[in-house]
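Please work from the sequences and hints to get the whole structure.
Protein chains: 2
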Amino acid sequence: MVRFPFLPGGFSVLRTHKAGSLDASLIGQTVTLTGWVDRRRDHGGVAFIDLRDASGIAQVVIRDEEIAHPLRSEFVLKVTGEVSRRPEGNANPNLATGEIEIIASEVEVLNESAALPFQVSTALDGTETVGEDARFKYRYLDLRRPAPAAAIRLRSKASAAARRVLEEHDFVEVETPTLTRSTPEGARDFLVPARLSPGSWYALPQSPQLFKQLLQVGGIERYYQIARCYRDEDFRADRQPEFTQLDIEASFVDQEDVIALGEEIVQALWRLIDVEIPTPIERITFADAMRLYGSDKPDLRFGNAIVELADYFADTTFRVFQQEYVGSVVHPGGASLPRRQFDAWQDWAKSRGAKGLAYVTFGEDGTLGGPVAKNLSDAEREGLAAATGAQPGDAVFFAAGRTSEARALLGAARVEIAKRTGQIDESAWSFVWVVDAPLFKPTGEDDDVDLGHSAWTAVHHAFTSPKPEWIDRFEEAPGEALAYAYDIVCNGNEIGGGSIRIHRRDVQERVFDVMGIGPEEAQEKFGFLLDAFQFGAPPHGGIAFGWDRVVSLLAGAPSIREVIAFPKIGSGFDPLTAAPAPITPEQRAEAGVDYEPEEDDEA
Amino acid sequence: MVRFPFLPGGFSVLRTHKAGSLDASLIGQTVTLTGWVDRRRDHGGVAFIDLRDASGIAQVVIRDEEIAHPLRSEFVLKVTGEVSRRPEGNANPNLATGEIEIIASEVEVLNESAALPFQVSTALDGTETVGEDARFKYRYLDLRRPAPAAAIRLRSKASAAARRVLEEHDFVEVETPTLTRSTPEGARDFLVPARLSPGSWYALPQSPQLFKQLLQVGGIERYYQIARCYRDEDFRADRQPEFTQLDIEASFVDQEDVIALGEEIVQALWRLIDVEIPTPIERITFADAMRLYGSDKPDLRFGNAIVELADYFADTTFRVFQQEYVGSVVHPGGASLPRRQFDAWQDWAKSRGAKGLAYVTFGEDGTLGGPVAKNLSDAEREGLAAATGAQPGDAVFFAAGRTSEARALLGAARVEIAKRTGQIDESAWSFVWVVDAPLFKPTGEDDDVDLGHSAWTAVHHAFTSPKPEWIDRFEEAPGEALAYAYDIVCNGNEIGGGSIRIHRRDVQERVFDVMGIGPEEAQEKFGFLLDAFQFGAPPHGGIAFGWDRVVSLLAGAPSIREVIAFPKIGSGFDPLTAAPAPITPEQRAEAGVDYEPEEDDEA
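These protein sequences, in sequence, are chains V and S.
Mapping the first sequence onto our numbering, position 293 (from 1) lands on 293, and the numbers just tick up by one.
Mapping the second sequence onto our numbering, position 151 (from 1) lands on 151, and the numbers just tick up by one.
Heads up, some of the hints might be wrong.
For identical chains, the list gives no copy identity; a pair is met inside one copy or between any two copies.
Straight-line distance between alpha carbons at most 25 Å, and here's what the computed DSS-like set of lysine-lysine pairs gives [unchecked claim]:
# : residue 1 : residue 2
1 : K467      : K78
2 : K374      : K350
3 : K137      : K419
4 : K441      : K467
5 : K525      : K374
6 : K78       : K419
No wet-lab data here; the hints were simulated from the structure.
Written out as structure tokens, the structure is:
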């Protein structure tokens, strides 16, 4: 029995070396490479082929015109030849293998290639634009290009780095079911008909939330999983119907434990791109985040916080500012913007559902300009620069009205100003934990699915514990009670979030009660969790990182689609396989989709 | 900002030590533990509590009767106390912490527990039987028992061990889609209605086969994934509708590369249970496996191969043996079996669809017995012991008829005999690669879904390459052509299988043609793969391990259900969450299940 070793470093039966591994130390040796024709140049009857494999590029010299003749871009070759030093003056210092070339003695075409729909050569400078539709339809070609390939490889490294941290802390990887029951994240479920139980359907999980809690009841103590999750939501940019989260849960832990673990993971991840994240990572309360940045995911790469002016305008006669809330944000250098720019800001504000964006300009000489200024009293005008933090030459935008809406508008304006004025250091990494979020929020129109039937719905989810000081009295003021929850934000993106969970059945039932979920409905939907809480559930908590988002940040990718091997576009369409697709009437019948229970079955 | 470290080794805010980590070196120190009341004994007004956490057990001594009074099994406690040496004579050498005990100074009940549906204490000896329905309904209690917990933890270690091997060889972990298009494994798909494309459905993948091949076309070169797969098959014991495979694919490899890698993984896995698997692992051709063991997954922990007797009985006058095939297998010591045992063997054979199981006994004195013997000629009787390998005192079972059916019966009898006669060394590990399987088999009734429309269907799947010597002429003799495929078998269980794939569009189309899949249907179903093959697909191949089966073997578990955190039973029912479940008419309408295209849409 003849055997060949699958050697570390990339040898195999077909090749002796990886193309990118060759260097001057191998001069004089005969090697066999395999790979793709990345580029071909011809010079005086000699063909120079850049042969590309996953490791890099090596230059192959083919002197035999007949052999060289048919070889085109992306042909797959097996080349045997001697490693030689490139002639003087021909070395390429930009290439790891730039000192050498392979003088081909044997060339085998392993496969041919038709003309490509777009070019993939590494010799392209990356600025050429290929439409996203074409890229994802031919993703198998797109992945031959350096940046897309690097993003997918980085994802693998990120998963390995996170696992390493978790394994060091004795976390157990557990695979949880994906053909399961509706989970309580509040989005719409994807459903799967159960052929063997006609009329019944599985739901794909929106997260492993319930299972990871059950594993804690089961004494696993430390659980993790890089888990596929599913949410059937309406199309929004940069959403995928299936996505991945790094899902973590542990017993006998407190918020401090989970935050410390989360920071260790974030550090390990960012070290992959040679960035050292200082810890402890800053924390901000949810209330401060909303007050200062108008967002629960503030981008702290720049300052320019919102200023609250309700007190300042307490006695104003200007109707527009006679509101529950008045606040402002500075536009540095905004005084010199042309009028049409301010008009554009009005459109921007209207596109976000606001009436407009009041503003005042501060001339270099201190003169106030803009339509609002004339409505203000002398005293209000005089102190305005100091109150808003504006400098001569700045503009200030105002929002007034309901607190939450006005803050959201100012928060968005703050980010937009920073982008337009170059306040954002694109190389900076700013992390912050947002803590002390409210436990409940008023039930509103931004909930995809209304889980409960009351005025209150959970901000995180129904299994989040109130903070210890609220645990006995959250019903007294559901709008004020704080959750034992924490979100981690990176450069204005929420990359992870979690909470300490409820582990007592009585507390869980009281939370359901505030949400208008009665005992019967609770038992029907989550009875197995409530049952589990009766049998010695330990205190527990966890966190989940949005893995697609984390990796896209690490990769510097503009969209999570870049770090997903085969992403969907638009409303969940896969341009490569053309899924989803119609099914046959036979499939439909067989799956039991149209099963109608007999009258008798109801008895 | 006060911060607490999430220290390696299991510290946390709530506890200072893991229960199982305590030993005499800590005597005199005050520690805080958390965990469950595993067992409680009372002695002279003092309560002795075995406190259990994931690491083990420590004995807690509570002298205050009032504190001890309410504590029952599976209560969750936080205990602070001094580590002390147990009084002389009370040490427990069977327990890692058996030298010490904790004299409790503070006891906090973190949660109570109702009476359990079954006991979980580690003090039980493991022989108590709990029904599977109860165990899986209360899986969160079942997992507190030592054996189930160990199985789930071993699974995590197995995944880590395999990843370590693959990462050392530069394999890239890639997550492939699960909301996708029908894949070609030949079983029934689970379907998911696509709400945003009414009338269209996703399929859950039966394996990542097509995607892993596309990744090779994309130059990833080495891919792996611990992938969830879905097959909507009818209920059979030890099947799960969702299951996991360790999925591997690489470019520029040959069978030898994949086999060498597979052996490295198997070695790493079995080292987890302190077993060193010698390599190279033995190989057997598919033809020999069928001839000698009547199975494509022969159990080689014992010998007793099938003997072919068609030549021996070439001129027989015994009608039953005038068949295409006659073969036999020895039942050691079978001559002394009582008549009713042989009757039971007839029933056994009939339950497998055979007419019966002819047999001959060989008395200690060489006398032949049993109903067949009198039908044989003197010459046939005389040479029979030598021809079948029977010793005095043995019985021999015969099967005659169509080769494949008779071999299957003898193969099954061989295993059954081995079980009944104790021929199987339960501590042995016998691995074998089965190679050179046929490329095609006649289309038959055991195919869940008939992929093609001809007399031939693929044995592995439609993307398996013919062996090099068959690649240009497999159409000439589809039943004889060999596949470039390899299965790995452990103790009679197929634990993995793979193949070198077709990477040329012309070969792929010819294979489809033999299977009766015309160009149009091929393009409709797998067009994206055929398209990809046009653009420089490299030679590639891979393997997939049935992860549930692998881990169940490692764990010594009787069923894959034991190594799945939340398994389904029966026809896909989850006894814990009661999935699948009916959906509401609103869900049904919203999912677009009943979408009927307007007549106009067809235009």
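Tested hints:
With identical chains, the CA atoms of K467 and K78 are at most 25 Å apart between copies only, with a shortest distance of 20 Å across copies and 64 Å within one. With identical chains, the CA atoms of K374 and K350 are at most 25 Å apart within one copy only, with a shortest distance of 23 Å there and 101 Å across copies. For a Cα distance limit of 25 Å, the shortest separation of K137 from K419 qualifies neither inside one copy, at 32 Å, nor across copies, at 54 Å. Taking the shortest alpha-carbon separations for K441 and K467, only the intra-copy value of 16 Å comes in at or below 25 Å, while the best inter-copy value is 64 Å.
Proximity of K525 and K374 under a CA criterion of 25 Å is satisfied in neither setting, with 59 Å inside one chain copy and 70 Å between copies. Proximity of K78 and K419 under a CA criterion of 25 Å is satisfied in neither setting, with 50 Å inside one chain copy and 51 Å between copies.
In the structure shown, a violation is registered for the earlier hints numbered 3, 5 and 6, in ascending order.
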